[in-house]
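What follows is each chain in one-letter form.
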Amino acid sequence: MGHRERAREFVADVDRTRWHDQALWFVRSKRDQAADLVPDWEALRDQASAIKRSALTELPELWREFEEHATAAGTVVHWARDAHEHNEIVAGLLRDRSVRHVVKSKSMLTEECGLNSYLEAEGIEVIDTDLGERIVQLRGEPPSHIVMPAIHLQRAEIGELFAKEMGSAPDLDDPTELTDVARRDLRDRFLKAEAGLTGINFAIAETGGFVVVTNEGNADLGTALPGLHIASVGLEKIIPQQKDLAPFLRLLARSATGQAITTYTSHFRGPRPRSTQELHVVIVDNGRSQLLGRPAFREALGCIRCGACLNTCPVYRRSGGHSYSATIPGPIGSVLETSRDPATHAELPHACSLCGSCTDVCPVRIPLHHQLLAWRGELALSGHHPAWRRFSLNLVAWLFVRPTMYRLLGRFARGIGRRLPPTLREDLLPAWTRQRHLPTIPKSSFRELYRERQRQPKRPRPQAQPRPRHERNG
Amino acid sequence: MRVALFVPCYIDQLRPGVGLAALDVLEAFGFDVVFPEAQTCCGQPFLTAGESRSAKSLFHHYLDVFEDFDQIVTLSGSCAATVRCQLPNHVPGSRAKAIASHTFEFCEFLVAHDVASRNLGHFPHRVGLHASCHALRELGLGTPSELRHLGRPDPARSLLSSIQGLQLVDLTRSDECCGFGGVFSVEEEAVSCRMGLDRLADHQLAGSEVITSTDISCLFQLQGLGAKSQASGAPGFEFRMLHVAELLAESLAGITSQSTATQQENGGLHGTS
Chain B
1 MGHRERAREF VADVDRTRWH DQALWFVRSK RDQAADLVPD WEALRDQASA
51 IKRSALTELP ELWREFEEHA TAAGTVVHWA RDAHEHNEIV AGLLRDRSVR
101 HVVKSKSMLT EECGLNSYLE AEGIEVIDTD LGERIVQLRG EPPSHIVMPA
151 IHLQRAEIGE LFAKEMGSAP DLDDPTELTD VARRDLRDRF LKAEAGLTGI
201 NFAIAETGGF VVVTNEGNAD LGTALPGLHI ASVGLEKIIP QQKDLAPFLR
251 LLARSATGQA ITTYTSHFRG PRPRSTQELH VVIVDNGRSQ LLGRPAFREA
301 LGCIRCGACL NTCPVYRRSG GHSYSATIPG PIGSVLETSR DPATHAELPH
351 ACSLCGSCTD VCPVRIPLHH QLLAWRGELA LSGHHPAWRR FSLNLVAWLF
401 VRPTMYRLLG RFARGIGRRL PPTLREDLLP AWTRQRHLPT IPKSSFRELY
451 RERQRQPKRP RPQAQPRPRH ERNG
Chain F
475 MRVALFVPCY IDQLRPGVGL AALDVLEAFG FDVVFPEAQT CCGQPFLTAG
525 ESRSAKSLFH HYLDVFEDFD QIVTLSGSCA ATVRCQLPNH VPGSRAKAIA
575 SHTFEFCEFL VAHDVASRNL GHFPHRVGLH ASCHALRELG LGTPSELRHL
625 GRPDPARSLL SSIQGLQLVD LTRSDECCGF GGVFSVEEEA VSCRMGLDRL
675 ADHQLAGSEV ITSTDISCLF QLQGLGAKSQ ASGAPGFEFR MLHVAELLAE
725 SLAGITSQST ATQQENGGLH GTS
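Protein sequences, first through last, are from chains B and F. 1 is the number of the first residue of the first sequence in our numbering; add one for each residue after it. 475 is the number of the first residue of the second sequence in our numbering; add one for each residue after it.
Source of the hints: derived by calculation from the structure; they are not laboratory data.
Under 8 Å between C-beta atoms, here's a sample of chain B residues computed to sit facing chain F: (1) 17; (2) 350; (3) 361; (4) 379.
What the simulated footprint calls covered on chain F by chain B, stretch by stretch (three residues with Cβ under 8 Å from a Cβ of chain B suffice, anywhere in the stretch; the number is not a length): (5) 484-491; (6) 509-522; (7) 525-536; (8) 617-631; (9) 657-666; (10) 699-706.
Here the structure is a predicted model, which is why all the values come from computation and not from measurement. We put the CB at the ideal spot given by N, CA and C, even for glycine.
Just chain B, same shape as in the assembly (with noise of 0.2 Å):
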């Protein structure tokens, strides 16, 4: 089954389908109004966006500049060339130090990774912290935003998971008291974690640091108490100075919920002085490195997972996050996971109007609609389209840049069409007509009935006159 298919399933529930809609709406009208207060906030995403293409060209370099200021740090560094490697790295490190417990904040590269099955089948027990995430988790399903994991549930859904998991009241949907029950219950988990695992947002290759930003301060907790931290970052994600942060962290919290900035944005540089605390940090490739030998696609590299693209998709946001049945959804999601599997994926560059919004929003300018447009070509080109579809297709392209056979052919379609009973019609074309009417058949073309007016004897049209200088920028 497809993006269509489980689109189709998600509209199906239209007050669902509505409030979703919504709820993401709100959080891109907030993201307007941020926006709005930056006044420099184009000059922000052309500085941004410099820096990261810039940082794309040199990777090599800045890793080995961050990983020579880690280690002099204390930090050790891991290098994985793929998920597989990744979670063995971390499994390993867990391992040999009997760690039986592990607390984790939200890292879309773990998710990616499959991290927590992984750990889970080593008799590891991974407990994610983001709120959102634990939600998710506790429901078995994958996270169907990367900012708000949990953004497709509604309250009272929460109020009966927790009542089930942590023996909540089971009419429970206030969001305090939601908030509060699994506080408590996360808090003894966090007392328990023999480590703690954290994604990376910003690798600073200056420093040998990292910047990690959460509105829960729940990769604080997590890193603060256990003697590991083990921090999973992305090929992509370094910037080469620690000046370079201003821009992303200006853009990052306004684009992604219209915050001026999170609630905590946390700096690590080595393991937490006088203690015996270890800390290491896992750089990921698994297939980034190849989306890097791709001119066309590179750029989305440079995305710094802030979900504005998500929230604006009127796509996205009426078919839902599990629609996409990949680790990112949305537009971003869509380039990348093709990216990564276009077989898997080939619908997805597909799930766009191409209205062209994502661009607009996105804080390192991804000509994301673009790179959505380049991907068919690429999937038609690599057999990934049906072949019938690709065939009538060219047939029709062949024949239009033919004018007669074109004016023949619509001739012929619009008398074909106008004869038949308007059920059979119909009946045609169902993809467009379950839902919607055919536009009348008119009986000539344009192109017929300028010839008429060609013909015609000049008739008097319609002279417009000067308006009254009273009346004009009325």
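Assemble the complex: chain B is given as a structure, and chain F must be docked to it using the hints.
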């Protein structure tokens, strides 16, 4: 001034009245309009479906047909965007660049020639302007809500605001996509229709009597959805759907009290058919 008219294939075949209305409007303002008959399609349907090579053959066809014109006016923001923003990426060279840059969306062309300051007649109706995504975000005609700090002028809005008696309604979402998107409308049918129905509900809430757009393809989507949901007993969406050219022709026709019969005969859709 000599102007070539590019009539998109779906207007040519399904709504010829838009082309005739555009002729009337352009001639009313003194433009000498030529319709090169070898024209067919800009290539967009093939490009967005992923068939770049076919799209490219139509790009070459477009360039051959319109080579001799300095001003090409097209009745679709979407087709204008394909020619101006996509064609030069697929056909290299200065000839392609030049012809592409001479291609204008209808309202954009009129406003560039100061038509908004002329007497545009009388159209005493509540009108909802449906923003075409490609006019808005590819051609930069108007300001998308997500980039409102840019404050770009919107030619279609300027023209409509200059018509006496015409009242532009305020929509809750001024520029949400209608869900047409070419082949998207059938491949992602469920989402596409939901998008369109949401637009109709917004216009209903705003009290639009007429929905107008630079792109009739968006209006085919809205028209088709409105008519079918009405036929099936769902909340009635009774709007007239007019291309801006049709609306202008009707408004201008009032000035010389000329009948609009010609437009109505030729596919001007009234209400829900």
